[in-house]
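2 protein chains.
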Amino acid sequence: MKTLIENITVIFEDGTYKENIYVAYEDKVFTYIGDTAPEGQYDRKINGQGKIMIPGLYNCHTHTPMTHFRGMAEDLPLDRWLNEAIFPAEDKLCDESAAIGALLSCAEMISGGVVSMSDMYFFCPALAEAIGTTGIKANLSRSVVSFDENSDVTKDERVYEGVYLFENYNNSFDGRIKVDMSVHAEYSNTAHTCEYVASLAKKYNCGVQLHLSETEKEHNEGKARRGMTPTEFFEKTGMFDSRTTAAHCVWLEDKDIEIFAKHGVSAAHNPISNLKLGSGVMPLEKLVKAGVNVVLGTDGAASNNRLNVINEMNMTALLHRGVTGKADFPPVSSIVPMATINGAVSQGRVDCGRIKEGFRADFALIDTTFVHNIPSFSPVNTLIYTVYPTDVTMTVCDGVTLYENGEFKTIDVEKLSGDMKRFKF
Amino acid sequence: MKTLIENITVIFEDGTYKENIYVAYEDKVFTYIGDTAPEGQYDRKINGQGKIMIPGLYNCHTHTPMTHFRGMAEDLPLDRWLNEAIFPAEDKLCDESAAIGALLSCAEMISGGVVSMSDMYFFCPALAEAIGTTGIKANLSRSVVSFDENSDVTKDERVYEGVYLFENYNNSFDGRIKVDMSVHAEYSNTAHTCEYVASLAKKYNCGVQLHLSETEKEHNEGKARRGMTPTEFFEKTGMFDSRTTAAHCVWLEDKDIEIFAKHGVSAAHNPISNLKLGSGVMPLEKLVKAGVNVVLGTDGAASNNRLNVINEMNMTALLHRGVTGKADFPPVSSIVPMATINGAVSQGRVDCGRIKEGFRADFALIDTTFVHNIPSFSPVNTLIYTVYPTDVTMTVCDGVTLYENGEFKTIDVEKLSGDMKRFKF
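Each protein sequence line maps, in turn, to chains P and Y. Take any residue in the first sequence, count from 1 to its spot, add 82: that is its number in my numbering. Take any residue in the second sequence, count from 1 to its spot, add 82: that is its number in my numbering.
These aren't lab readings, by the way, just hints derived from the structure by calculation. It should be emphasised that the depicted structure is a prediction, and the values quoted were computed from it without experimental measurement. Keep in mind that a hint or two might mislead.
[What the hints assert, rightly or not] Below, in silico cross-link-like pairs of lysine-lysine (DSS-like), each with a Cα-Cα straight-line distance of 25 Å or less:
1. Lys344/P / Lys318/P
2. Lys337/Y / Lys408/Y
3. Lys305/Y / Lys408/P
4. Lys491/Y / Lys100/P
5. Lys299/Y / Lys506/P
6. Lys100/P / Lys506/Y
7. Lys318/Y / Lys337/Y
8. Lys368/P / Lys305/P
9. Lys408/Y / Lys305/P
10. Lys100/Y / Lys503/P
11. Lys408/P / Lys100/Y
12. Lys174/Y / Lys299/P
13. Lys491/Y / Lys84/Y
[Unchecked claim] FRET-style restraints, in silico, Cβ to Cβ:
14. Ala343/Y / Glu367/P: 34 to 40 Å
15. Arg162/Y / Ala119/P: 49 to 55 Å
16. Lys318/Y / Glu367/P: 14 to 20 Å
17. Gly500/P / Ser270/Y: 31 to 37 Å
18. Met310/P / Asn487/Y: 54 to 60 Å
19. Thr236/P / Asn102/Y: 51 to 57 Å
Ideal Cβ placement from N, Cα and C applies to all residues, glycine included.
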């Protein structure tokens, strides 16, 4: 299958753009990007007039089954939200319901131009089976929680689920599904569990996903408990020796940011979730200045309540201008890599995240002819400030169309909507 | 024309809601709201299944012609943004282009469920003629700027335009167009101009629109210039003796908030614009505690870059949780009045802003069946946190359908899109 998109405005992963471009892809990869029409026969030609093409978006922190809890427990702070609402609801989940929630998450992400996610949860083999069928990419991880200092971590079933997941699903579904190791957070784990999970990540040469310094309380209590910051704790336990994506990073100290830079830890910025739960605002400017690989995430649907990276891009632009008083930070164009190539880097996907010949044909098309997108002085400004996720008309991953003009190609959303109603929380 | 909406979930202006409601309207007003189907014949019946009905939204601070400048000058702070980009561009506007920009703004607002706006600009008679045809409600005002302490304000053409506007357009277009007096801001006017405009507002018994303490610099420079805060200055000049809507209010001091409460000044919260220009965050909690009538605004399309009140509701929920650290402020349901009835109050529209028998039939229908709105534990949570403006399927103002299922009934948006391209800034 050879496809040619003609006369399209392309926003590249570095935030630059070109107009009237021809983009061709065949099977899984981009085969041509240029100013003139390429030679050859194409099975399908798409008119790009009035549209923007962007690299497929990366949602680098989420919990896919949590769509079940979207809007369930509003107006609560993180600790009460977790203990009074989310944990009891999660206790009612099962393989089937978790997978159905994950599919709904995939549908929402795909319809908003997302081609890959980093997911932390449990019921992971069931999630892998479900998510694998949707055609989206995912770095799945079994989020380990451990409180018993005297337990034998090598026999912990939560740790074992992560190992099982890796051994059975890493690079499955044509490589779209990858498996990372994960500990939930510093405050929810023992040191020896973290050390053991870190050793597994090194053994399997895979990535790590974890929550880090999301709230001030958690950060300060961690320091009191360990005599070091949560970042220092994770460094000490060896977690950062593997490719790590740390979610939230709201309360990082300067020395923590140095550790991030030193180990190449990716910081997953979840601006909407952090606002909604009253957690605060990530020190983005310091992280960027230190050269840290910043990526974007939505967190789960219960604390956002959307799973849409276009929103996170918009919020990243607005929020940091407002809280720093600097109307030029972060530059609009600098937000594009956070949502694209930086995500691919954080997931260890070396041939993804760019609109470039030889790279995976992962992209979204966005209709910019709606009144709210007119006029456009720059497609990048349009993308960051005015496009709604609902303006996405096509999402393609590994050259396969997952969504086009309101139609899901790999997910039966009507059935899914009915399935969601079968479960009460 | 008698219309009945059946089995709809209604969110009322106070943030409460009821499911499976019947709502009828005839000509301009709601005639029935109840749990059971009303008797009588209806010209049209609408199935409300899968939809939410909300009171028509109020955008209480905007500058409609500025859609021409949407995305034009990104990454600049307010003073440079105004002086280097916006003011020179505004100098190129004319009656025709201003009216075309205003129509585009109306289309965007109407498609997002907005039924009324408060607008500050110039070229106002042309705007009144254009906006009047769209069926939307608008409190228009000629924003006066004056720097010459020795000028004769009674002969100022900008002031005269406001008077002309009032005398020719107040209560025009079947009462949908109202006219307020306006001074641009404290920093852009002389005291005697403010006193004179305040006297005109009292003479005409109309409202007042102005910018107030948007940036810290403006607020502090005003204090240094006047020996009082901008709020104290406006109180002293008599501006607050009339029904006033003050936009932004980011840097209000405690004594300013007392003045707002004392005079019944409405505070127009523009959270997105204030973030984008690096101006800061309004002290919403203090204003609410003082009993101030808080309303929502988008500001112009150059500093947002959207004109959509659903976004402002969402941002109001998220932003204050994040910056105060209180995950329960403002309560989700308390944001609904800010976007509806409080707006009607600020505009002096006594029979608008409520879904109630005898009130104007102003409402929007929202489709909640899209994947991003599933599940819904409360329609209010869904409205504030997950609905996109593009989920609006119908906007009705004074009983007239202005927009339905993507179709604009009163605006030729295709022609408008072409017209927009005729003007370069």
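Okay, the hints, checked on the actual structure:
no.: 1; hint: Lys344/P / Lys318/P; result: holds, 13 Å
no.: 2; hint: Lys337/Y / Lys408/Y; result: holds, 24 Å
no.: 3; hint: Lys305/Y / Lys408/P; result: holds, 23 Å
no.: 4; hint: Lys491/Y / Lys100/P; result: violated, 36 Å
no.: 5; hint: Lys299/Y / Lys506/P; result: violated, 52 Å
no.: 6; hint: Lys100/P / Lys506/Y; result: holds, 21 Å
no.: 7; hint: Lys318/Y / Lys337/Y; result: holds, 14 Å
no.: 8; hint: Lys368/P / Lys305/P; result: holds, 21 Å
no.: 9; hint: Lys408/Y / Lys305/P; result: holds, 23 Å
no.: 10; hint: Lys100/Y / Lys503/P; result: holds, 20 Å
no.: 11; hint: Lys408/P / Lys100/Y; result: violated, 44 Å
no.: 12; hint: Lys174/Y / Lys299/P; result: violated, 53 Å
no.: 13; hint: Lys491/Y / Lys84/Y; result: holds, 18 Å
no.: 14; hint: Ala343/Y / Glu367/P: 34 to 40 Å; result: holds, 37 Å
no.: 15; hint: Arg162/Y / Ala119/P: 49 to 55 Å; result: violated, 42 Å
no.: 16; hint: Lys318/Y / Glu367/P: 14 to 20 Å; result: violated, 40 Å
no.: 17; hint: Gly500/P / Ser270/Y: 31 to 37 Å; result: violated, 58 Å
no.: 18; hint: Met310/P / Asn487/Y: 54 to 60 Å; result: holds, 58 Å
no.: 19; hint: Thr236/P / Asn102/Y: 51 to 57 Å; result: holds, 56 Å
Checked against the numbered hints given earlier, the structure breaks hints 4, 5, 11, 12, 15, 16, 17 and satisfies all the rest.
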